[in-house]
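Enquirer: Please take these sequences and the hints and turn them into a complete structure.
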Amino acid sequence: MIGSPDDERITPALWGMASILTVGGFLSMFTSTVVNVALGTIAAGFRAPLGTAQWIATGYLLALAAMVPVSGWASRRFGAARLWLVCVGLFAALSALCATATSIETLIVFRVLQGAAGGLLVPAGQILFAMTAGPKRLGRMMAVLSIPIYLAPVLGTLAGSVLTERFGVPWLFLVNVPISVLSLLLGRKWLPRERPADPQPLDRRGVALTVTGLPLLVYGFAEAVPIAAVAGAILLAIFAVGALRSPAPLLDLRLFRDRAFSSAAAVIFGMGAALFGAMIVLPLYYLDVRHESLLATGFLTAPLALGTVLALPLAGRLTDRVGGARVIFAGLIVTIIGTVPLALLTGSDDYWWLSAVQFVRGCGIGLTTTPALAAGLRSVAKERISHAMPLFAMLQRIGGSFGTSILTAVVSARLAAAPGTAAAIADTHRWIVGMTAILLVPSWLLVRAELSKVD
Numbered sequence: 001m002i003g004s005p006d007d008e009r010i011t012p013a014l015w016g017m018a019s020i021l022t023v024g025g026f027l028s029m030f031t032s033t034v035v036n037v038a039l040g041t042i043a044a045g046f047r048a049p050l051g052t053a054q055w056i057a058t059g060y061l062l063a064l065a066a067m068v069p070v071s072g073w074a075s076r077r078f079g080a081a082r083l084w085l086v087c088v089g090l091f092a093a094l095s096a097l098c099a100t101a102t103s104i105e106t107l108i109v110f111r112v113l114q115g116a117a118g119g120l121l122v123p124a125g126q127i128l129f130a131m132t133a134g135p136k137r138l139g140r141m142m143a144v145l146s147i148p149i150y151l152a153p154v155l156g157t158l159a160g161s162v163l164t165e166r167f168g169v170p171w172l173f174l175v176n177v178p179i180s181v182l183s184l185l186l187g188r189k190w191l192p193r194e195r196p197a198d199p200q201p202l203d204r205r206g207v208a209l210t211v212t213g214l215p216l217l218v219y220g221f222a223e224a225v226p227i228a229a230v231a232g233a234i235l236l237a238i239f240a241v242g243a244l245r246s247p248a249p250l251l252d253l254r255l256f257r258d259r260a261f262s263s264a265a266a267v268i269f270g271m272g273a274a275l276f277g278a279m280i281v282l283p284l285y286y287l288d289v290r291h292e293s294l295l296a297t298g299f300l301t302a303p304l305a306l307g308t309v310l311a312l313p314l315a316g317r318l319t320d321r322v323g324g325a326r327v328i329f330a331g332l333i334v335t336i337i338g339t340v341p342l343a344l345l346t347g348s349d350d351y352w353w354l355s356a357v358q359f360v361r362g363c364g365i366g367l368t369t370t371p372a373l374a375a376g377l378r379s380v381a382k383e384r385i386s387h388a389m390p391l392f393a394m395l396q397r398i399g400g401s402f403g404t405s406i407l408t409a410v411v412s413a414r415l416a417a418a419p420g421t422a423a424a425i426a427d428t429h430r431w432i433v434g435m436t437a438i439l440l441v442p443s444w445l446l447v448r449a450e451l452s453k454v455d
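Numbering (UniProt numbering), first residue to last: 1 to 455.
Keep in mind that the hints were calculated from the coordinates and are not lab data.
Please note: incorrect hints may appear among the correct ones.
[As the list claims (entries may be wrong)] Here are the computed lysine to any residue pairs in the SDA-like style, where the Cα-Cα straight-line distance is at most 20 Å:
| hint | residue 1 | residue 2 |
| --- | --- | --- |
| 1 | Lys189 | Gly89 |
| 2 | Lys136 | Ser452 |
| 3 | Lys136 | Arg317 |
| 4 | Lys382 | Pro249 |
Expert: Structure representation (structure tokens):
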């Protein structure tokens with residue numbers, strides 16, 4: 001028995017459900033990174049330009065982003081559990097098709113379809129879990145579901161190197177098949193079957209605007225294409241105006257009228273920018289300044305993910321006990337403490353010291369993002385979670401792309417002025433410290449909003 005949503009106790013059935021959904025989320029995130037390290041090898045194998053092969057990764061990520069806004073409506077229409085199971089099955093089939101692709105064009109098409117399945121898979125699992133867990137267990141349970149977000153990129157990079165070198169490119173995709181099939185079998189047996197809601201008609205105009213606007217905005221930021229970013233922003237702005245006027249919008253933007261929800265959303269956006277944008281900076285230090293290999297760089301940057309994953313259970317317990325707002329504020333302070341030493345980098349810093357610094361920064365991140373998600377969802381009625389979860393996912397992706405764009409421009413300019421110097425990396429981390437410090441404002445507003453509801 002999973003237990004009542006108002007129960008504080010986490011039953012074995014709920015832990016089992018969490019394990020199944022976590023594996024599904026891991027698949028989507030793992031696949032987004034495992035291929036990246038092998039793009040040059042794939043391009044050579046198909047005798048294609050690297051710019052064309054890049055779309056194996058880019059196409060996947062854009063399709064992933066495009067499907068997020070639709071995930072809420074699909075969960076209401078078909079049931080989150082059923083949608084999750086269908087997407088896992090599609091993911092397994094498309095992984096096998098990617099492994100057997102005979103041309104670069106075919107592989108790109110299969111990867112785009114795989115990204116679309118992944119874009120529905122993760123939010124469907126989060127929606128199902130948030131609705132089942134209830135507000136008193138939300139912090140601990142969402143911490144479990146957040147593990148793939150931070151662990152998968154590290155494992156994907158390392159696994160991509162090993163699989164390509166030892167077994168060949170097809171295994172970058174085949175590795176997903178047995179995991180997907182096992183998840184599908186376990187999910188069919190153990191996931192609760194909720195009755196689909198009686199959804200309002202599909203907002204086709206909203207779908208058209210979001211599935212084009214969000215990928216354009218993400219692509220424009222990530223690849224520094226201003227026209228695409230502006231076009232995406234305009235399309236999403238048009239969607240926002242229509243959604244606020246519509247009685248049955250694709251995503252209910254009226255949720256932002258709640259101060260706790262909007263403050264949590266600001267933290268999620270900002271942490272997306274500071275976290276995912278920062279992930280491109282420190283590897284450049286190891287690669288360009290310390291001249292380490294790609295594999296060694298993967299291991300040297302792993303303490304960040306390790307600290308994050310180890311902090312997540314504590315973050316979940318504290319969130320359920322004292323509320324997410326104060327945990328977020330403390331997490332931001334720890335994140336800043338762990339980032340300041342990186343703003344003072346030299347070309348000869350001890351690797352053990354840098355690993356310790358990254359571990360502290362990772363702990364701060366673990367104490368921040370998941371509590372923000374839980375704090376925001378606690379202010380949302382159960383029937384509106386399918387609107388809230390995609391909104392948070394969209395904000396995190398837009399924030400990550402925005403941060404990547406800003407920090408890429410900063411570090412590129414610094415490295416152009418002083419190639420191969422630690423000062424360029426240190427200067428960029430000063431930007432990251434500033435971006436993180438700004439988030440203290442919405443996090444404090446969230447503290448006040450949370451305390452006012454208690455009073």
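Enquirer: Work down the list of hints and note, for each, if the structure agrees.
Expert: Hints, verified against the model:
1. Between the alpha carbons of lysine 189 and glycine 89 the distance comes to roughly 14 Å, so the proposed pair stays at or under 20 Å and holds.
2. For the given pair, lysine 136 sits about 18 Å from serine 452 by alpha-carbon distance, which is consistent with the 20 Å threshold.
3. Distance check on the hinted pair: lysine 136 and arginine 317 sit about 10 Å apart at the alpha-carbon level, within 20 Å; holds.
4. Distance check on the hinted pair: lysine 382 and proline 249 sit about 17 Å apart at the alpha-carbon level, within 20 Å; holds.
The structure agrees with every numbered hint stated previously.
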